[in-house]
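Enquirer: Sequence:
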Amino acid sequence: MRLSFNEIRTRAAQFAKEYADATYEKGDTQSFYNDFFAIFGVKRRSVARYEEHVKKLNNRSGFIDLFWPKVLLVEQKSAGRDLAKAGTQAGEYFDALPEVDRPRFQLLCDFQTFQLLDRDTREEISFDLADLPKHVEKFGFIMGMEKRSFKDQAPVNIKAAELVGHLHDALENDGYT
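According to my numbering, numbering within the sequence shown proceeds without interruption in unit steps and concludes at 605.
Capping the alpha-carbon separation at 20 Å, the derived lysine to aspartate or glutamate pairs in EDC-like fashion look like this:
(1) Lys471 / Glu565
(2) Lys566 / Asp548
(3) Lys505 / Asp463
(4) Lys498 / Asp548
(5) Lys498 / Glu574
(6) Lys484 / Asp523
(7) Lys445 / Asp556
(8) Lys587 / Asp597
(9) Lys562 / Glu552
(10) Lys498 / Asp529
(11) Lys445 / Asp559
(12) Lys483 / Asp529
(13) Lys445 / Asp463
(14) Lys498 / Glu479
(15) Lys505 / Glu446
(16) Lys513 / Asp523
(17) Lys483 / Asp523
(18) Lys566 / Asp463
(19) Lys505 / Asp559
(20) Lys498 / Glu552
(21) Lys498 / Glu551
(22) Lys505 / Asp449
(23) Lys484 / Glu520
(24) Lys505 / Glu520
(25) Lys483 / Glu527
(26) Lys454 / Glu480
(27) Lys498 / Glu527
(28) Lys562 / Glu446
(29) Lys445 / Glu435
(30) Lys513 / Asp546
Read the hints as simulated data drawn from the structure, not as lab findings. The model shown is predicted, which means the values in this text are computed figures rather than measured ones.
Let's have the full structure, built from the sequences with the hints guiding it.
Expert: Given below as structure tokens:
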């Protein structure tokens, strides 16, 4: 059963307290993300893997810190490190991936700051670890939830639909069905 967002916010607050002093990329990353996925009731191991080898376009090798094919690429840094550099690195990894595996979401994190990018909508959000409970809905994709947006129809399409409706009614009134 899927967790409610109220439960997820409670779990996120506990997570934020537990990792408030996390700083070291090599020592804290795996427990950090195992526990992060657990906030949403998902076992990280069932969906994503650590240290995914990638041969970058410049023929150098690299390792994606956490990779969930088609869904999420995470570039993790130690606290206080430059997330802009992490973004460049994540972009290089993204470009090197086979197109069928390229993830929709990119997360840059230094334990204290999260930067989440939706590559489809280009929507980007940045927030502190302490504010994670306020932003858990942005990670709904971890549970398979997808945000859908609907654009207003162009007036010409609305008018065309009305005309087709009138035509249908006229044909029906004349006995055509």
